[in-house]
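What follows is the residue order along each chain.
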Amino acid sequence: MQEMFANPAVQGAVAPFIAGLAVAALLERFRLGGLAVVAAFATAVYFIAGFTFAPLTATRKIILLGLAAPVAGIVIDFAFRPTRFGATLLALAGAAAAAWIFWPVLAQKDWARGLLLGGTAALAAAWTVGFSQTRLAGDGVRAGAAGLALGAGSGAAAILGASLTYGLYGIAVAAGSGAFLLLQMITGKRRHAGATFMLAAAVITILFAAAAMILAQLPWYAVLALALVPVAASLPVPAGAPVWLQAVLLSIYGFVVAGIACALAWQAG
Amino acid sequence: MSRKLAVGLIAAALPFTAAAAPESFTIDTYHTFPYFEVVHLGTSVIRGHFQKITGKMVLDTAAKSGTIELAVPTGTLTTGDNDKGSRPRARDEHMRSPDFFNVAEFPTMSYKGKATKFNGDAPAAVEGELTLLGVTKPLTLTMERWKCGPDPRTQGKRYFCGGNATGAFNRSDFGMKFIVGPVSDEVKLWISIEAFRD
Chain Z
1 MQEMFANPAV
11 QGAVAPFIAG
21 LAVAALLERF
31 RLGGLAVVAA
41 FATAVYFIAG
51 FTFAPLTATR
61 KIILLGLAAP
71 VAGIVIDFAF
81 RPTRFGATLL
91 ALAGAAAAAW
101 IFWPVLAQKD
111 WARGLLLGGT
121 AALAAAWTVG
131 FSQTRLAGDG
141 VRAGAAGLAL
151 GAGSGAAAIL
161 GASLTYGLYG
171 IAVAAGSGAF
181 LLLQMITGKR
191 RHAGATFMLA
201 AAVITILFAA
211 AAMILAQLPW
221 YAVLALALVP
231 VAASLPVPAG
241 APVWLQAVLL
251 SIYGFVVAGI
261 ACALAWQAG
Chain G
1001 MSRKLAVGLI
1011 AAALPFTAAA
1021 APESFTIDTY
1031 HTFPYFEVVH
1041 LGTSVIRGHF
1051 QKITGKMVLD
1061 TAAKSGTIEL
1071 AVPTGTLTTG
1081 DNDKGSRPRA
1091 RDEHMRSPDF
1101 FNVAEFPTMS
1111 YKGKATKFNG
1121 DAPAAVEGEL
1131 TLLGVTKPLT
1141 LTMERWKCGP
1151 DPRTQGKRYF
1161 CGGNATGAFN
1171 RSDFGMKFIV
1181 GPVSDEVKLW
1191 ISIEAFRD
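If you read the protein sequences in the order shown, they are chains Z and G. At position 27 of the first sequence (counting the first as 1) the number is 27 in the numbering used here, and the numbers step up by one without a gap. If you want the numbering used here, it's the 1-based position in the second sequence plus 1000.
Because the hints were derived from the structure by calculation, they are not lab data. Beta carbons are placed, not taken as given, at the ideal position from N, Cα and C, and that holds for glycine. It is possible that some hints are incorrect.
What the hints assert, rightly or not - Below, computed lysine to any residue pairings styled on SDA-like, alpha-carbon distance capped at 20 Å: (1) LYS1177(G) to THR52(Z); (2) LYS1052(G) to GLY1163(G); (3) LYS1177(G) to LEU56(Z); (4) LYS1177(G) to PHE53(Z); (5) LYS1177(G) to MET4(Z); (6) LYS1177(G) to ILE48(Z); (7) LYS1177(G) to ALA49(Z); (8) LYS1177(G) to ALA13(Z); (9) LYS61(Z) to PHE1174(G); (10) LYS1177(G) to ALA54(Z).
What the hints assert, rightly or not - Quick look at which bits of chain G chain Z covers, simulated, 3 or more residues with Cβ under 8 Å: (11) 1087-1101; (12) 1167-1178.
Just chain Z, same shape as in the assembly:
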């Protein structure tokens, strides 16, 4: 049993998927099915690193924000109406989070390199969080597809950038998003995603991609390419198509962009 749980595939994909599916199924009736993402992510954290936060490294800061994001998401979903101003504030918070996480590392680099990497991280975080909240959070299928492609893309790109740990965290988000999406495909009904789902999925994936760029070797332009995954998930699909077909099409759109990001990462190696 212990050997099974030490397997990276179980830690990053199988266990997170099961946790995500259970949470999505159980909490959907309370409009909290989006917590599937954080359930999957927390499962991966439990197996891979544990819930230790000292010293507060960049990785642990991302984990902390990833766990806090759905809490903020619930407040946003239940206490506020979604507005463009609110999404802008979240985007700025995403950029500020990137600065908080990476400043100690960037400060050790020469200014041009630090500016490039820090600017890319802040821009990618702001864009991914802001755009996802504005255009995807209101649609459970689009949000699920975006989370799936962002998770798989950032996971694969991080592995190509030399960090399997970050890769597993990305894949865990993909597993949780996949569970959330699968439930909608099976039942044929759109579920509520909201900031509860989208904020966690966007924050975790884009910040780990940025970490793979700053702390490992993922090229900066691959991170920017990953930030375009939510745009792909916002592309039109046949309105009358069944939910499962829309989910498949939107996931394919997302995977194409994520695949481009991974190809860029591979070529840079």
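Following the hints, complete the assembly by docking chain G onto the known chain Z.
Just chain G now, with coordinates in the frame of chain Z:
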């Protein structure tokens, strides 16, 4: 004649005898290397080392005391696999990533210790603390082959000490938890040390 011989022998042996006061030494970066080894998949032993190290040492053989401070730039790590070939990344690149040494965030690993046991004039054990990935934990090093004397490369103009230090720690204690099991938790250390008297 025999008195002259005795004086000569004593004079020749002086550099090897106990020093009367604490002496400070600077690590010889060309002959001091920390090596490490882990067990891979329960079978082979994979070894690596850091190509650079700096440090200071204070030794008082009369008082049977000494201290050592070492700083290792973690980015100088090598395991002999730095060509990725058809793989996404080489092992050395992976070892420098946040999965293991996280060199971008923690560019330096350090050790500070005090000699606590002596075998004659030679330190036999050093008890200290290793700081790795921002975590500081106790680490005891066992000293072997310790010897001090005039450096033959400078016809005795410089005085130096040298030996080997060995120790072991669990990497998970320092937060390096990536695939503990397939890659052993226990890391064995083997450090060759040479230092010149200041």
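Hints versus structure:
1. LYS1177(G) to THR52(Z): The hint holds at about 11 Å.
2. LYS1052(G) to GLY1163(G): 17 Å, holds
3. LYS1177(G) to LEU56(Z): 16 Å, holds
4. LYS1177(G) to PHE53(Z): Given pair LYS1177(G), PHE53(Z) holds - Cα atoms ~14 Å apart, limit 20 Å.
5. LYS1177(G) to MET4(Z): 16 Å, holds
6. LYS1177(G) to ILE48(Z): 7 Å, holds
7. LYS1177(G) to ALA49(Z): 6 Å, holds
8. LYS1177(G) to ALA13(Z): Distance ~18 Å between LYS1177(G) and ALA13(Z) Cα, so the pair holds.
9. LYS61(Z) to PHE1174(G): 17 Å, holds
10. LYS1177(G) to ALA54(Z): Holds. LYS1177(G) to ALA54(Z) sits at ~14 Å (cutoff 20 Å).
11. 1087-1101: holds (count 8)
12. 1167-1178: n = 3 at 8 Å, threshold three: holds.
Checked against the numbered hints above, the structure breaks none of them.
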